[in-house]
Amino acid sequence: MSDEYKDNKIEAKSADSSSGGYAPPVEHIPAKEAPEQELYHAKSFWTKWVFSQDAKVIGVQYALTATAIGLVGLVLSWGMRLQLGFPETFSFLGPATYYQSVTMHGMIMVIYLLTALFLGGFGNYLIPLMVGARDMVFPYVNMVSYWVFLAAVLVLIASFFVPGGPTGAGWTLYPPQAILPGTPGSEYGIVLMLVSLSMFVIGFTMGGLNYVITVLQARTRGMTMMRMPLTVWGIFTATILALLAFPALFVACIMMTLDSILGTSFFMPDIFTMGEKLKTGGGSPILFQHLFWFFGHPEVYIVALPAFGIVSDLISVHARKNIFGYRMMVWAIVIIGALSFVVWAHHMYVSGMNPYFGFFFATTTLIIAVPTAIKVYNWVLTLWRGNIHLTIPMLFALGFIVTFVNGGITGLFLGNVIIDIPLSDTYFVVAHFHMVMGIAPLMVVFGAIYHWYPLITGRHLNQTLGKIHFWVTFLGAYAIYFPMHYLGFIGVPRRYFEMYDSPYMTSAIGLNQFITIAALIVGFTQILFLYNIFSSVFKGEKSERNPWKANSLEWHTSDYPPTHGNFGKELPVVYRWPYDFSVPGSDKEYIPQDVPPSQVSTAKAEIT
Amino acid sequence: MFVAIIFALVIVGSIIFHFWSPWWWTPVASNWGNIDDNIILSFWVTGTVFVVVCLFMAYCVWRYRYRPDRKAEYKPEDKKLEFRLTLITALGVAALLAPGLVTWNQYISVPKDAMKIEVLAYQWGWNFRLPGNDGALGTTSVSLISDENPYGLNPEDPNSKDDILVMDADLHLKINQTVKIELRSLDVLHNFYIPQFRAKMDMIPGIISYYWFIPEKKGDFEILCAEYCGLGHYVMRGRVLVDDEKDYSNWLARQITYEKMLAQKSVEKKLLIAENKN
Amino acid sequence: MSNKELNIFKLLSQKPWEPAQAALDNEHDGKTFGLSKAKLGVRTVMVVSTVIFSLFVVSYSDRMLVHDWKSLSEPWLLWINTIILIFASFIFNKAKVYSDQNNFNKSKNALLLVGFLTFSFITGQLLVWQHFVSIGQYASTNPANAFFYLFTALHGLHLLGGLFFWGKATTKLLTNNFNVSKTKQAIELCAIYWHFLLIVWLILFGLMIAT
Ligand code: HEM
Ligand SMILES: [Cu+2]
Ligand SMILES: [Cu+2]
Numbered sequence: 001m002s003d004e005y006k007d008n009k010i011e012a013k014s015a016d017s018s019s020g021g022y023a024p025p026v027e028h029i030p031a032k033e034a035p036e037q038e039l040y041h042a043k044s045f046w047t048k049w050v051f052s053q054d055a056k057v058i059g060v061q062y063a064l065t066a067t068a069i070g071l072v073g074l075v076l077s078w079g080m081r082l083q084l085g086f087p088e089t090f091s092f093l094g095p096a097t098y099y100q101s102v103t104m105h106g107m108i109m110v111i112y113l114l115t116a117l118f119l120g121g122f123g124n125y126l127i128p129l130m131v132g133a134r135d136m137v138f139p140y141v142n143m144v145s146y147w148v149f150l151a152a153v154l155v156l157i158a159s160f161f162v163p164g165g166p167t168g169a170g171w172t173l174y175p176p177q178a179i180l181p182g183t184p185g186s187e188y189g190i191v192l193m194l195v196s197l198s199m200f201v202i203g204f205t206m207g208g209l210n211y212v213i214t215v216l217q218a219r220t221r222g223m224t225m226m227r228m229p230l231t232v233w234g235i236f237t238a239t240i241l242a243l244l245a246f247p248a249l250f251v252a253c254i255m256m257t258l259d260s261i262l263g264t265s266f267f268m269p270d271i272f273t274m275g276e277k278l279k280t281g282g283g284s285p286i287l288f289q290h291l292f293w294f295f296g297h298p299e300v301y302i303v304a305l306p307a308f309g310i311v312s313d314l315i316s317v318h319a320r321k322n323i324f325g326y327r328m329m330v331w332a333i334v335i336i337g338a339l340s341f342v343v344w345a346h347h348m349y350v351s352g353m354n355p356y357f358g359f360f361f362a363t364t365t366l367i368i369a370v371p372t373a374i375k376v377y378n379w380v381l382t383l384w385r386g387n388i389h390l391t392i393p394m395l396f397a398l399g400f401i402v403t404f405v406n407g408g409i410t411g412l413f414l415g416n417v418i419i420d421i422p423l424s425d426t427y428f429v430v431a432h433f434h435m436v437m438g439i440a441p442l443m444v445v446f447g448a449i450y451h452w453y454p455l456i457t458g459r460h461l462n463q464t465l466g467k468i469h470f471w472v473t474f475l476g477a478y479a480i481y482f483p484m485h486y487l488g489f490i491g492v493p494r495r496y497f498e499m500y501d502s503p504y505m506t507s508a509i510g511l512n513q514f515i516t517i518a519a520l521i522v523g524f525t526q527i528l529f530l531y532n533i534f535s536s537v538f539k540g541e542k543s544e545r546n547p548w549k550a551n552s553l554e555w556h557t558s559d560y561p562p563t564h565g566n567f568g569k570e571l572p573v574v575y576r577w578p579y580d581f582s583v584p585g586s587d588k589e590y591i592p593q594d595v596p597p598s599q600v601s602t603a604k605a606e607i608t
Numbered sequence: 001m002f003v004a005i006i007f008a009l010v011i012v013g014s015i016i017f018h019f020w021s022p023w024w025w026t027p028v029a030s031n032w033g034n035i036d037d038n039i040i041l042s043f044w045v046t047g048t049v050f051v052v053v054c055l056f057m058a059y060c061v062w063r064y065r066y067r068p069d070r071k072a073e074y075k076p077e078d079k080k081l082e083f084r085l086t087l088i089t090a091l092g093v094a095a096l097l098a099p100g101l102v103t104w105n106q107y108i109s110v111p112k113d114a115m116k117i118e119v120l121a122y123q124w125g126w127n128f129r130l131p132g133n134d135g136a137l138g139t140t141s142v143s144l145i146s147d148e149n150p151y152g153l154n155p156e157d158p159n160s161k162d163d164i165l166v167m168d169a170d171l172h173l174k175i176n177q178t179v180k181i182e183l184r185s186l187d188v189l190h191n192f193y194i195p196q197f198r199a200k201m202d203m204i205p206g207i208i209s210y211y212w213f214i215p216e217k218k219g220d221f222e223i224l225c226a227e228y229c230g231l232g233h234y235v236m237r238g239r240v241l242v243d244d245e246k247d248y249s250n251w252l253a254r255q256i257t258y259e260k261m262l263a264q265k266s267v268e269k270k271l272l273i274a275e276n277k278n
Numbered sequence: 001m002s003n004k005e006l007n008i009f010k011l012l013s014q015k016p017w018e019p020a021q022a023a024l025d026n027e028h029d030g031k032t033f034g035l036s037k038a039k040l041g042v043r044t045v046m047v048v049s050t051v052i053f054s055l056f057v058v059s060y061s062d063r064m065l066v067h068d069w070k071s072l073s074e075p076w077l078l079w080i081n082t083i084i085l086i087f088a089s090f091i092f093n094k095a096k097v098y099s100d101q102n103n104f105n106k107s108k109n110a111l112l113l114v115g116f117l118t119f120s121f122i123t124g125q126l127l128v129w130q131h132f133v134s135i136g137q138y139a140s141t142n143p144a145n146a147f148f149y150l151f152t153a154l155h156g157l158h159l160l161g162g163l164f165f166w167g168k169a170t171t172k173l174l175t176n177n178f179n180v181s182k183t184k185q186a187i188e189l190c191a192i193y194w195h196f197l198l199i200v201w202l203i204l205f206g207l208m209i210a211t
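Residue numbers (my numbering), protein chains in the order written: chain A, 1 to 608; chain B, 1 to 278; chain C, 1 to 211.
Just so you know, these hints were derived from the structure itself, not from any lab. Warning: the hint list may mix true and false statements.
[As the list claims (entries may be wrong)] With the Cβ distance kept under 10 Å, some of the chain C side facing chain B (calculated, not the full set):
(1) K15
(2) P16
(3) W17
(4) D62
(5) M64
[Stated by the list, open to error] Listed below are the simulated DSS-like cross-link pairs for lysine-lysine, each with C-alpha atoms no more than 25 Å apart in a straight line:
(6) A:K588 <-> C:K37
(7) C:K10 <-> B:K79
(8) C:K31 <-> C:K172
(9) B:K161 <-> A:K277
The beta carbon of each residue, even a glycine, is placed where N, CA and C say it ideally should be.
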């Protein structure tokens, strides 16, 4: 189908008629060169909702699948916390189950929940809408991407049911231990995990192809890169990182699979175990670690960058103020993305690699802190002199700032190689990464859901439940992880099934019990949130169009909520960046991106 | 109002928790006190940033809360301010990094007079090996491991004869004796970690990693394995006992060398054969 | 129209809120590159594959240094396979040239030949596998073997993926039911992909015979 761009002579929908007083500068729209995009039209229920090629449906499918498997990860964490807080009372977890829980929890949360949710979920839903496209550029590939992801999740779940159970190798899957007896699931569980991860990478690459090329080539007229909302910048950069970083995981998975099934020795060194020397030998476990973290560190930013982008938009919209330092925000995203490929070995300071690498990686790691800090300043400076609506998305954004800053500064500890020596592999690390890549991005996920839920369903989430959800989650999660750093200072190692016989650890029993109780409360509150999500589809208060008075294109579709093809007969034409809030001299409090200057009483913004 | 206050209280609460907390690191018992100094430096610098940023945020939330008659400022950027903030941050980060790298340099430069001790890890326990009078450890290989040769020592290597084998999870060290521990693993990754010494390093099968320290306090310290190594990871403990000169020599005198062990084993074997013949 | 040469620094220093910039931006047609999405797609896939193969090469070079490495004795069949693959690439280029000249009949024949050559290559690789297995050189025998199996398998899978798109284009030509510009593009992209896989193979093969 061919699209006609909306001519600016036609009345824009949100314009009020009194704005015609200002004579616009000459605006002409260059002629169209080619039809924009062929759109696939679904004919049956199945192709519309199940094997859908509509990015919005695929986004929701991704989000629901990720949430479902994320719940498994959450439930696993309860078992672990009960064991850690009350080892005597709850003895249903043996060490094998504990380590399997740790492993599956970590992997599920990082890959199958957060990565899938931010890129597959928010990426699919928001990218086409925000850049003014009818759909992703390769809708069919996009659909396959989801189904491969689903298959990967099913393989992961299957590993719970094979003999020996799922792998208990830790989410880092370090060889040789991951495939040797002495580790739970070292026969079938680990192989299924590796297969599942490889499938995830393949599925993701298909999706990632779409996200990147849609952003690059399918934007609507007038939508320059620097007019994109930061959400798109974040997801776009994260996708590029993922396309370049996931291959490392893929390579590592394949080689380890061969080590495990065919008895090769890519990663298997000379080993003496169970009274004999293994036939394999000569391989390098450290090589695996390099490959893993060459993926693993960018992975942290694959989760963080979309969160950065989304939270910037949440703060700006709900503070009714343009994001402060937009260019700096974009630069920071790009610089962080680039640098994230030269810091990976900060996870390996104590791995026995050449110790001189420590100088290099400590330096690069601490350099990354600078652009990251600037982002934080700019978020806070956006609040400064804003007009802050304390809506639920804004509350979550504030919660994000606190938890992210807290987790970020402990990153400065761990990145500084000498400080990492005592703290690595202790609960300080567990507290750090939960704060910075667990809780902080989840705050953004929640905020984003409260923000865009009306767009997806046309209804609001229940506000009271939302407030309870925010306060319990934020305060509870903070109460879990802030004190946990102190366990790390004491020296409590991570991945310990129990350790109350150690003299200096007994002092922390009370603290551990407190953390467990807080974790359970936080966990159950998420069930309240899920209830809110499902019940509000039917019972939620109806939302009017563009309830938050945002400027970006997703709120300005022809139908609300947006339907197949997103933008009715004509694609919108973009005339401004998405942050024209409270523009001085303008009669409007906010000016959507597709409103031409002719419909604003004053086009000239005074800039000081 | 309410929201701003709670956010401020979270920050204040964190500060109070820090001062009230009975949980803090154990007193340092090695020469690596300067690692603690580095942590303290980072702690106060970054802690201040955390408190300032978050309190500023809470202030903004209160001061600029929604009012229908308020109009937010329109300010796309402020180059000067952004530049200053970048510069300050960069300086702050450099101030944390520089002393850290200096200490790291010490950490990886082993003093010449250090006594070498091998720590041998396996699933799930610890063994140790001290050099004999020659001060050198003999070379090893896992393919040589057998009942007679549990460490896989190279019998051809003259240095190995007088190596002292400590087949026990307790290691004794002489106070103020600089040691370089050489870390070796038979099977999977492990990590030799004693919280009071602050130092740690992974042990990798096939590779010898190391670090050094000086035990400066007498006492009994727990060894924890700090790299996940399978089901028994959490029970993989050992002890380091830091003795004064006299206790140490007493302990040392009770240990046996590789040569002696070989002799003992062959005697046992002969006895066994003799018994079987009878 | 907007200039399609992308200067990242210039792009990133735009101030989208300034009226002067806005006037320029309003003219922008929303595309970053003057390329079709399919072309960009293939390029992206090639970038990802390049990363994968590079990481394998790095792993190979790391593993190679260990004492237990025994060089592989490459059978002469591998040389023949290599020549076949070079040929396939060469013919693909012909097919592209013909289709550019709208000579679809010749292009079709060239494509069929490419298919034949490519399948021969894959069969040849499988024969090499069989040869190694028959002389007891399994993947677990030596890391050099393991890498050999890994490289050939991965490269072969990439080729099979290419053959899927080759098949689509060829069927269209055979059934005489095609959209000219789209088919031209498909042939061009497949040709690029074949050249890419040839280069990958030459690098991998070179690495294996050199060590
Ligand atoms: C309130 C929710 C959560 C609780 C109570 C929780 C609890 C835990 C616990 C008890 C451990 C094991 C620590 C150990 O034994 O060393 C753990 C590990 C881990 N968690 Fe969470 N967690 C939560 C949410 C998350 C989220 C959202 C993420 C996403 C990044 C995450 C990522 C991880 C990772 C990567 C590990 C390490 C696994 C390993 O050591 O192999 N967790 N968590
Ligand atoms: Cu990292
Ligand atoms: Cu361990």
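Going down the list of hints, with the structure as the test:
For C:K15, the interface hint holds, the least distance from its beta-carbon to any beta-carbon of chain B being 7 Å, beneath 10 Å. Taking 10 Å as the C-beta contact cut-off toward chain B, the hint placing C:P16 at the interface holds, the least distance being around 8 Å. A least Cβ separation of about 5 Å between C:W17 and chain B falls short of the 10 Å threshold, and the interface hint therefore holds. The restraint placing C:D62 at the interface with chain B is violated, with a minimum CB-CB distance near 13 Å, outside the 10 Å limit.
Annotation: interface hint on C:M64 violated; nearest CB of chain B at approximately 16 Å, more than 10 Å. In summary, the hint linking A:K588 to C:K37 is not supported, as the alpha carbons are separated by about 38 Å, beyond the 25 Å threshold. A distance of roughly 17 Å separates the Cα atoms of C:K10 and B:K79; the hinted pair therefore holds under the 25 Å criterion. About 30 Å separates the Cα atoms of C:K31 and C:K172, which puts this hinted pair outside 25 Å; it is violated.
A hinted pair counts as satisfied when its Cα atoms are at most 25 Å apart, and B:K161 with A:K277 qualifies at roughly 23 Å.
Checked against the numbered hints listed earlier, the structure breaks hints 4, 5, 6, 8; every other hint is satisfied.
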